[in-house]
Amino acid sequence: MGSSLARSMLRDGHQVSCLDEDPEAHARLEIGLEKSWEDMGGQFTVGTGLEIEALLEAGIEQADAFVAATDGDNTNIVIAQIAKRRFNVPTVIARILDPYRAEWYEQQGLHTICPTRVAIEMLETEVKEAAARSVARR
Amino acid sequence: MYVIIVGAGKVGWNLGRELLDKEHEVTLIENDRDRYLTVEQELEHNVQYGDASELWVLERAGISRADLVIAVTGDDEDNMLISQVAKEKYMVERTITRVNNPRNKQWFELLGIGPVVSATDLILRLIEHEVPRYGLVHLLNLPQERLEIIELLLAEDSPVKGQRVGDLELPEGSLLISVLREGRGFVPGPDTVLESGDEVLAVLDPGMEEELKAYFGPDGSSSE
Numbered sequence: 002m003g004s005s006l007a008r009s010m011l012r013d014g015h016q017v018s019c020l021d022e023d024p025e026a027h028a029r030l031e032i033g034l035e036k037s038w039e040d041m042g043g044q045f046t047v048g049t050g051l052e053i054e055a056l057l058e059a060g061i062e063q064a065d066a067f068v069a070a071t072d073g074d075n076t077n078i079v080i081a082q083i084a085k086r087r088f089n090v091p092t093v094i095a096r097i098l099d100p101y102r103a104e105w106y107e108q109q110g111l112h113t114i115c116p117t118r119v120a121i122e123m124l125e126t127e128v129k130e131a132a133a134r135s136v137a138r139r
Numbered sequence: 233m234y235v236i237i238v239g240a241g242k243v244g245w246n247l248g249r250e251l252l253d254k255e256h257e258v259t260l261i262e263n264d265r266d267r268y269l270t271v272e273q274e275l276e277h278n279v280q281y282g283d284a285s286e287l288w289v290l291e292r293a294g295i296s297r298a299d300l301v302i303a304v305t306g307d308d309e310d311n312m313l314i315s316q317v318a319k320e321k322y323m324v325e326r327t328i329t330r331v332n333n334p335r336n337k338q339w340f341e342l343l344g345i346g347p348v349v350s351a352t353d354l355i356l357r358l359i360e361h362e363v364p365r366y367g368l369v370h371l372l373n374l375p376q377e378r379l380e381i382i383e384l385l386l387a388e389d390s391p392v393k394g395q396r397v398g399d400l401e402l403p404e405g406s407l408l409i410s411v412l413r414e415g416r417g418f419v420p421g422p423d424t425v426l427e428s429g430d431e432v433l434a435v436l437d438p439g440m441e442e443e444l445k446a447y448f449g450p451d452g453s454s455s456e
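Just so you know, the sequences run in chain order A and B.
2 is the number of the first residue of the first sequence in the numbering used here; add one for each residue after it.
233 is the number of the first residue of the second sequence in the numbering used here; add one for each residue after it.
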């Protein structure tokens, strides 16, 4: 999710910096790119969002927006709060899979995206439409 | 008192057992199936299986009526968020949270989570206490009350050696509360005469320690 977003933001002409604890994640960034991530103007730092040095190296102090999209809800919630409270990044978005928690943190003023909720809504719409069609056929 | 303990590792399990012995009502929450089954053999219905980062697991354990939530898993992010929702969502009055990596302590503070317990810190402090390098040991920090308690070791060449406590001109915002001498502790009066080798406990406003240390003279370790 993070790498696709990073590529599309970079293509749109934004300055993009990625932070990942896995050095191999760099290769994923370059999928479908004609040049290397760095040649395209991107930045990549190895580290976690709990390491202050890594956040600084990735340039959090200059960031206009911060997206926490690791595969762990807890990590995302914590580092989003760090970005917001400690570094005052103007726009902070956290990916939270658990809809119940996403809702609560949203109420607490954290901007959240819940892919699960989006998927549930899509499925509901599809299933309801299918049900309606089958009723109509009868 | 109703206590919820998250994480049935060594700390959580033993804590749960002790609290049950003291007749408290306890629920442990453990998210590793094998560990849960092991602990369940002893603590039976007092342990529940589930991931306490999920709100429904906390709700099933009855979090809204808990008097105390103790988060002692091996994962700092989990501990932080469990204590955060306990306090802010479920209005639990008291939480105690374990810090596994002392470097993460700043984030617990940032999220307003306290008090925290760090085994690494405790052991470090004990080492400092057993091996005093600076002649000054932090015993207690009460940031809320804005007070600290410290221990000073009076060196052979301390300028206050041989002085009456009543004659001391202690920096403002500090007070001697006890003297440990030859393994015995007592509360000093104005006529108490300080001797080298005395361990002096003082209570002070935060940030006063350097001033107090300077007043009591050179590095206490030089007496050994």
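Simulated from the structure, these hints should not be mistaken for lab results.
Careful: at least some of the hints might be erroneous.
[Stated by the list, open to error] Derived list of chain A stretches under chain B, where covered just means 3 residues or more per stretch with a C-beta under 8 angstroms from a C-beta of chain B:
{"hint": "1", "segment": "28-38"}
{"hint": "2", "segment": "110-123"}
[As the list claims (entries may be wrong)] Below, a list of computed lysine to any residue pairs in the SDA-like style, where the Cα atoms sit at most 25 angstroms apart:
{"hint": "3", "chain 1": "B", "residue 1": "K319", "chain 2": "A", "residue 2": "E25"}
{"hint": "4", "chain 1": "B", "residue 1": "K321", "chain 2": "A", "residue 2": "D13"}
{"hint": "5", "chain 1": "B", "residue 1": "K319", "chain 2": "A", "residue 2": "V136"}
{"hint": "6", "chain 1": "B", "residue 1": "K321", "chain 2": "A", "residue 2": "G42"}
{"hint": "7", "chain 1": "B", "residue 1": "K321", "chain 2": "A", "residue 2": "P100"}
{"hint": "8", "chain 1": "B", "residue 1": "K393", "chain 2": "B", "residue 2": "D353"}
{"hint": "9", "chain 1": "A", "residue 1": "K85", "chain 2": "A", "residue 2": "E107"}
{"hint": "10", "chain 1": "B", "residue 1": "K337", "chain 2": "A", "residue 2": "D72"}
{"hint": "11", "chain 1": "A", "residue 1": "K85", "chain 2": "B", "residue 2": "T424"}
[Unchecked claim] Below, a sample of chain A positions facing chain B; criterion: calculated Cβ distance under 10 angstroms:
{"hint": "12", "residue": "Q44"}
{"hint": "13", "residue": "V47"}
{"hint": "14", "residue": "L51"}
{"hint": "15", "residue": "E52"}
{"hint": "16", "residue": "L57"}
{"hint": "17", "residue": "I78"}
{"hint": "18", "residue": "I83"}
{"hint": "19", "residue": "R87"}
{"hint": "20", "residue": "V136"}
{"hint": "21", "residue": "R138"}
All C-beta atoms, glycine included, are put in the ideal place defined by N, C-alpha and C.
These are the hints, each one checked on the structure:
1. Requiring three or more residues with a Cβ within less than 8 angstroms of a Cβ of chain B, the coverage given for the segment 28-38 of chain A is violated, as only 0 such residues are present.
2. Using a Cβ-Cβ cut-off of 8 angstroms, 0 residues of the segment 110-123 of chain A lie near chain B, which falls short of the minimum of three, so the contact claim is violated.
3. Restraint check for K319(B) and E25(A): the C-alpha separation of about 38 angstroms exceeds 25 angstroms, so the hint is violated.
4. With a C-alpha separation of about 39 angstroms, the suggested pairing of K321(B) with D13(A) is violated against the 25 angstroms cut-off.
5. For the hint pairing K319(B) with V136(A), the CA-to-CA distance comes to about 49 angstroms; that exceeds 25 angstroms, so the pair is violated.
6. A distance of roughly 43 angstroms separates the Cα atoms of K321(B) and G42(A); the hinted pair therefore is violated under the 25 angstroms criterion.
7. A distance of roughly 15 angstroms separates the Cα atoms of K321(B) and P100(A); the hinted pair therefore holds under the 25 angstroms criterion.
8. A threshold of 25 angstroms between alpha carbons decides the hint, and for K393(B) with D353(B) the separation of about 32 angstroms lies outside it, so the pair is violated.
9. This hinted pair checks out: K85(A) and E107(A) have alpha carbons roughly 14 angstroms apart, not beyond 25 angstroms.
10. Our distance criterion of 25 angstroms between C-alpha atoms is met by K337(B) and D72(A), whose separation comes to about 23 angstroms.
11. Only pairs whose Cα atoms come within 25 angstroms are accepted, and K85(A) paired with T424(B) is rejected, the gap being roughly 54 angstroms.
12. With a least beta-carbon distance of about 24 angstroms to chain B, the hint placing Q44(A) at the interface is violated under the 10 angstroms criterion.
13. Checking V47(A) against chain B by beta carbon gives a least distance of about 17 angstroms; that is not within 10 angstroms, so the hint is violated.
14. Annotation: L51(A) was flagged as interfacial toward chain B, and the flag holds, the nearest CB pair being 6 angstroms apart, inside 10 angstroms.
15. At a threshold of 10 angstroms, the smallest CB-CB gap from E52(A) to chain B is about 8 angstroms, leaving the interface hint in force.
16. Because the closest C-beta pair between L57(A) and chain B is about 14 angstroms apart, greater than 10 angstroms, the hint is violated.
17. The restraint placing I78(A) at the interface with chain B holds, with a minimum CB-CB distance near 6 angstroms, inside the 10 angstroms limit.
18. Hint status for I83(A) relative to chain B: holds, with the closest Cβ pair at about 6 angstroms, below 10 angstroms.
19. Among the interface hints, the one on R87(A) holds; its C-beta lies about 6 angstroms from the nearest C-beta in chain B, closer than the 10 angstroms criterion.
20. Interface restraint check: V136(A) against chain B, minimum CB-CB distance 34 angstroms, threshold 10 angstroms, status violated.
21. Because the smallest distance between the Cβ of R138(A) and any Cβ of chain B comes to about 39 angstroms, over 10 angstroms, the interface hint for this residue is violated.
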